[in-house]
Amino acid sequence: DAKTTQPTSMDCAEGRAANLPCNHSTISGNEYVYWYRQIHSQGPQYIIHGLKNNETNEMASLIITEDRKSSTLILPHATLRDTAVYYCIVRVAGGKSTFGDGTTLTVKP
Amino acid sequence: EAQVTQNPRYLITVTGKKLTVTCSQNMNHEYMSWYRQDPGLGLRQIYYSMNVEVTDKGDVPEGYKVSRKEKRNFPLILESPSPNQTSLYFCASRTGTSFSYEQFFGPGTRLTVL
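Heads up: the protein sequence lines correspond to chains A and B, in order.
When we follow this note's numbering, the leftmost residue of the first sequence carries the number 13, and every step to the right adds one.
When we follow this note's numbering, the leftmost residue of the second sequence carries the number 100, and every step to the right adds one.
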């Protein structure tokens, strides 16, 4: 399973774009990159996923580098409610799932 | 409403007293999983199930049992709980489609073992 590395914490001003990086230098060709977030102690919430191409949905955009060794989750207009821990994970075979430590994003007024 | 439910949401118990945390999903998902979350350790997978009667160990299975007799239910059993199993537990489910990895998580069960 590809290991991911994320910064421990980040701050962002309310209304500005939040850019959360993730390194996954050992990712395999058939592995997807997924992002989840966890607000306080609630259950994690799916945000977005991608394989090679950039992806966008109503919550965020995902930018994956051409060599697929890193990616960036973009929240275009962060709000206070986006304060959460953001997890970048790579799909694993056989159903086993691994969540790392994530990045604690704090959106400040 | 599509959801994963867990019961109980909060539980305080004593060492050695068997307990079961129930998990149920109404989305006809094949895959279900249990995680525990501890401060500074992130989410760690305990057990998962690819379908009925198919279960496998995750990263931290010791001290836990699971069963998958029905597609919608995936109970977590602690035969003899110990204080080191005090944690926040999450159940999750997803469709078994190989490229799909959107997991739906339950609200969590906060367990304290005295």
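Incorrect hints may appear among the rest.
Stated by the list, open to error - Reference listing, derived: stretches of chain B covered by chain A, where coverage requires no fewer than 3 residues with Cβ under 8 Å from a Cβ of chain A:
| hint | region |
| --- | --- |
| 1 | 115-129 |
| 2 | 178-188 |
Said to hold, decoys possible - Derived Cβ-Cβ restraints for the label pairs, each shown as a range:
| hint | chain 1 | residue 1 | chain 2 | residue 2 | range |
| --- | --- | --- | --- | --- | --- |
| 3 | B | Lys116 | A | Ser37 | 23 to 31 Å |
| 4 | B | Thr119 | A | His52 | 38 to 46 Å |
| 5 | B | Thr194 | A | Asn65 | 31 to 39 Å |
| 6 | A | Thr118 | B | Val113 | 50 to 58 Å |
| 7 | B | Asn127 | A | Asn69 | 17 to 25 Å |
| 8 | B | Gly162 | A | His52 | 23 to 31 Å |
| 9 | A | Asn31 | B | Val151 | 27 to 35 Å |
| 10 | B | Lys117 | A | Asp23 | 40 to 48 Å |
| 11 | A | His89 | B | Lys164 | 24 to 32 Å |
| 12 | A | Lys64 | B | Gln102 | 45 to 53 Å |
| 13 | A | Gly112 | B | Lys156 | 13 to 21 Å |
| 14 | A | Ile75 | B | Met126 | 26 to 34 Å |
No wet-lab data here; the hints were simulated from the structure.
Idealized CB from N, CA, C, for every residue including glycine.
Verification of the supplied hints:
1. 115-129: Violated - the region 115-129 of chain B has 0 residues with a Cβ nearer than 8 Å to chain A, which falls short of three.
2. 178-188: violated (count 1)
3. B/Lys116 to A/Ser37: 23 to 31 Å: The hinted range 23 to 31 Å is violated for lysine 116 of chain B and serine 37 of chain A, with Cβ atoms some 46 Å apart.
4. B/Thr119 to A/His52: 38 to 46 Å: Once the Cβ atoms are compared, 26 Å apart, the range 38 to 46 Å for histidine 52 of chain A and threonine 119 of chain B is violated.
5. B/Thr194 to A/Asn65: 31 to 39 Å: violated, 22 Å
6. A/Thr118 to B/Val113: 50 to 58 Å: For threonine 118 of chain A and valine 113 of chain B the Cβ distance comes to about 38 Å; the hint is violated.
7. B/Asn127 to A/Asn69: 17 to 25 Å: holds, 23 Å
8. B/Gly162 to A/His52: 23 to 31 Å: holds, 27 Å
9. A/Asn31 to B/Val151: 27 to 35 Å: With Cβ atoms ~42 Å apart, the hint is violated.
10. B/Lys117 to A/Asp23: 40 to 48 Å: For aspartate 23 of chain A against lysine 117 of chain B, whose Cβ atoms are near 45 Å apart, the range 40 to 48 Å holds.
11. A/His89 to B/Lys164: 24 to 32 Å: Given a distance of about 46 Å, which is not inside 24 to 32 Å, the answer is violated.
12. A/Lys64 to B/Gln102: 45 to 53 Å: Roughly 32 Å apart at Cβ, these two residues miss the hinted range, so it is violated.
13. A/Gly112 to B/Lys156: 13 to 21 Å: Since glycine 112 of chain A and lysine 156 of chain B have Cβ atoms about 20 Å apart, the given range 13 to 21 Å holds.
14. A/Ile75 to B/Met126: 26 to 34 Å: Given about 30 Å between the Cβ atoms, the range holds.
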